[in-house]
Amino acid sequence: MVQGLDSTVNTTTRWTNWLDEEHSASKRFLISAAIWSLVGTLFGLLAASEYYWPDLVHNVPQLQFGRIRPTHVNVVAFGFISMANIGAIFYVIPELCRTKLYSERWGNILMLAWNGVIVGGILCLTNGITEGREYAELPWFLDIAVMAALILYIVLVWGTVLNRKEKQLYVSIWYIAGTTLWFPVVYLIGNRVFFAVPGIGDAIANWFYGHNILGLWFTTNGIGLLYYFLPKITRNPLYSHLLSIVGFSTIAMFYTPTGTHHLLQSPVPEWLKAVAVISSVMLLVPVMSVLVNFFLTMKGKWAMMTTHLPLRFFITGLFFYLLTCTTGPFQATRWVNWYLHFTHWVVGHAHFALLGTFGFVGWGAIYYVVPRVSGRQWYSRRLANAHFWLTLTGTSLMIVALTVAGLIQASAWEEGLPVYRGVIMVAPFMGLRAFSGLLIVTGQVLLVYNVFKTLVFAEDPLEGPLEDAAGGILPQPARVQP
Amino acid sequence: MTTQRANYIYPALGLTLILASIIFVVVLVPRWTFRPPEPRDLRDYTAQELRGRETYKSEGCWYCHSMVSRPQDWDHGRRSKATDYYYDEYHLLGSERSGPDLANIGGKFPDQYHMLHHKNPRYVKPGSIMPRYDYLSEQQLIDLTAFLQSLGPNGTRALDVRTGKALYANTGETRWARVVDFTWPSGPLAGRTEKVAVWKLSVEQQRAQNEENYAGHIEVPYRYTAEIEELMYGSSHEAANAKGALQALATPAFTNREALEEARLEDPDVKAWVENSFKEGAITAKNRLLANYGKGLFNNQCAPCHGVDGNGKGQAAFTMTKRPANFWEDRFSSYTTDTWYWRISRGVPATQMPRWEYTLDANQRLTLTAFLKYVSANHGLGQLKGAPADYDRPAAQAPMPVPAPAK
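Protein sequences, first through last, are from chains A and B.
Residue numbers for the first sequence follow our numbering, beginning at 1 and rising by one.
Residue numbers for the second sequence follow our numbering, beginning at 1 and rising by one.
Read the hints as simulated data drawn from the structure, not as lab findings.
Just so it is clear, CB atoms sit at the ideal spot from N, CA and C, and this is done for glycine as well.
A few of these clues could be false.
[Said to hold, decoys possible] Covered stretches of chain B (in silico footprint by chain A; criterion: 3 or more residues with CB under 8 angstroms from a CB of chain A, positions within the stretch not fixed): (1) 26-35; (2) 139-148.
[Unchecked claim] In the SDA-like style, the derived pairs of lysine to any residue whose C-alpha atoms are separated by at most 25 angstroms in a straight line are: (3) B:57 - A:188; (4) B:108 - A:417; (5) B:119 - A:55; (6) B:57 - A:59; (7) A:232 - A:59; (8) A:167 - A:127; (9) B:119 - A:103; (10) A:273 - B:328; (11) B:119 - A:295; (12) B:57 - B:128; (13) B:119 - A:235; (14) B:119 - A:127; (15) B:57 - A:60; (16) A:301 - A:242; (17) A:273 - B:86; (18) A:167 - A:235; (19) A:232 - B:8; (20) B:108 - A:425; (21) A:273 - B:8; (22) B:57 - A:119; (23) B:81 - B:159; (24) A:100 - A:375; (25) A:273 - B:22; (26) A:232 - A:295.
[What the hints assert, rightly or not] To be clear about the criterion: a stretch of chain A counts as covered by chain B if any three or more of its residues have a C-beta under 8 angstroms from a C-beta of chain B, and this derived list gives those stretches: (27) 46-57; (28) 61-68; (29) 99-109; (30) 177-187; (31) 199-207; (32) 343-349.
Could you build the full structure based on these sequences and the hints that come with them?
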């Protein structure tokens, strides 16, 4: 179980050794994800604070709100969540295929390239080099780098899948391998260097991408991982194979056209809006099939949430997913959107999905996979526990604050008050949002400290059994001292 | 192995095909079929405005300021059309409004307001949470201001559709009185000399407007007027000279009296008609044209809420918390022309009644005023009932002082 350590000991020393250790790509992706989750939420905290204290940072252009807001989004989305997903995928796919990752060396190179893109992205965005498309702000040279990295990622995933020893393709692999085919297309359309549209048509392309990066990247990767983690942790069989087929085939169908629901009152073709609204409501089909499947898979094992920390992260994420995806379709209808569009409610909804759902899945994946790829027990479960509660409290507070602020703004505008008045009215909730950000950042500090203590500075690495119900993190009553 | 894999290939191909066809429909078909034509009411950006647009993009202004005015928005000007974006290389629609929409911001404030506002928003708007952009160079701020002033139907890019000429060129002839060299007498920028576009609006008018807009809502004293006063008229000899000229040029957007004066100056025929035509309560051959035009406007814009007869029973009335006004009520017959004009222009805060000054031009609002005076005096359409005989051919009958109604 401790291949990571063994391989370093047993192989001859070459400078490339660190590239070739088994599971090292997965491990390093997850470490990077933990660090980026701290950096990204720090940017978010600063942005939220500037919302409340606009003169907090003065005369530092790099830390001005309009520049760190995209930095926050890009670091959290591409740094934290994407890297946590890929790190977990590099562990899960070989497990499911009963083989090794196609190329550990290229996995590590992908890790380096991905981190390079994030660092470059931070430098570019804080210095005002941006493409100005939401979620696609990275400048053109980084877009091309991301595209190359995605192609490498496809090769690694498909190389592993095609080399598999296990004949059956489990549903996780459909999701993850399917994502590798869809997402590069979405990314091509979403970035101006590949697909430029003049005029208002640019907004259509932007939101096609802006919604599908969620639907065909974070969602499909996260759900694919959960299809592995939940049955694995609970040791329950997946409730329904049929439901997983329904969820998988409808997600690609109904997620793809939804983007224009961001433009319902804008002058774009009405038929496109109609398609977007209908498919947004139809999203209840894949969402409900996935959730029913997961929740029924949990049957009889709900109590494990109290002791099994990664599972607790996953299930919390799933409940956030339930809330996101039941509010989302109604928010996308013309009447509700008429009222709520442009308010903080929408920002709250984005945090519901990315922080609440896929952030929690990412953290759960870090907690589950890191001991398994590094061969070390977590340094501290108290810290991990504190991380969970701080992040959960912070996320809930943030969503409440943003949702209430959004309703205040919407009703103020509906009453004909100017936007400026609305800003003053929601100021207390912006303060609450900044406070919730502080909680989340504190949680991430604990996570990063825990990761470093576990992997780098651990004086006494615990090499306990990893297959116990505690998932390598919680008390292990079965362990008997000799 | 092959037989095993065949189980996956067909579903995978099918799904990929479905995905490809959806992308074809929602991305490529709009790319080919949705091409708004070149607008007649808008010119292309100048190089300076494009530089300002780049700054607007790179500083992330669009994260808080949307650039699409929606039908339900109050106080954001006319609804944005697809052709408004014809010259945009990339869109900046935005997704959130922590600040007001900027689609129609052009011409709403003087250049100097924008310059001050960019340097420190709280200087002119207490309580604003906008960041300070005083780290941008002077030239960048000027370019940014030029870009903002170019937006919307009152911006410098707006063209008269009939003549193709600029409606509001920033040349000092219409919207901006003149540009003066101004040295800041005091405050954080004391001693600095810069170009200042002197606003048409007098200080008293600004103060009246500000007090009206924000009375009771802001604890902080409103520093804007004092600073502007000092800035524009306090110490500058040129500015002081400009003051007298400026007061004669008050814009219709702010106070009723001056607005009406300006509108009347624009068209003496309309003025005379509004004042005199319905005194006798009769429709004559001459005023029927205008009354019918007012009726047409009313049917298009007002009847959904106020009802075609003006009795407040329009189709949409029942959806509203505050019911639309019934113009048959006695109080309306005592409304003066000015009151009508002012109310139509400014709308009713906290209701669905829009500020028509952003949608209808002065003559249209005056025509509407006349129609409403007639309706409130007659408790209905009176002699205007029925199909308007000459609604569609005004030019053949008499000189028409108002533009033809938009289709």
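Each hint tested on the structure:
no.: 1; hint: 26-35; result: holds (count 7)
no.: 2; hint: 139-148; result: violated (count 0)
no.: 3; hint: B:57 - A:188; result: holds, 21 angstroms
no.: 4; hint: B:108 - A:417; result: holds, 17 angstroms
no.: 5; hint: B:119 - A:55; result: holds, 12 angstroms
no.: 6; hint: B:57 - A:59; result: holds, 19 angstroms
no.: 7; hint: A:232 - A:59; result: violated, 52 angstroms
no.: 8; hint: A:167 - A:127; result: violated, 50 angstroms
no.: 9; hint: B:119 - A:103; result: violated, 54 angstroms
no.: 10; hint: A:273 - B:328; result: violated, 41 angstroms
no.: 11; hint: B:119 - A:295; result: violated, 54 angstroms
no.: 12; hint: B:57 - B:128; result: holds, 20 angstroms
no.: 13; hint: B:119 - A:235; result: violated, 61 angstroms
no.: 14; hint: B:119 - A:127; result: holds, 19 angstroms
no.: 15; hint: B:57 - A:60; result: holds, 18 angstroms
no.: 16; hint: A:301 - A:242; result: holds, 22 angstroms
no.: 17; hint: A:273 - B:86; result: holds, 20 angstroms
no.: 18; hint: A:167 - A:235; result: holds, 21 angstroms
no.: 19; hint: A:232 - B:8; result: holds, 23 angstroms
no.: 20; hint: B:108 - A:425; result: holds, 24 angstroms
no.: 21; hint: A:273 - B:8; result: violated, 34 angstroms
no.: 22; hint: B:57 - A:119; result: holds, 21 angstroms
no.: 23; hint: B:81 - B:159; result: holds, 15 angstroms
no.: 24; hint: A:100 - A:375; result: holds, 17 angstroms
no.: 25; hint: A:273 - B:22; result: holds, 14 angstroms
no.: 26; hint: A:232 - A:295; result: holds, 14 angstroms
no.: 27; hint: 46-57; result: holds (count 5)
no.: 28; hint: 61-68; result: holds (count 5)
no.: 29; hint: 99-109; result: violated (count 0)
no.: 30; hint: 177-187; result: holds (count 4)
no.: 31; hint: 199-207; result: holds (count 8)
no.: 32; hint: 343-349; result: holds (count 4)
This entry does not satisfy hints 2, 7, 8, 9, 10, 11, 13, 21, 29, going by the numbered hints stated previously.
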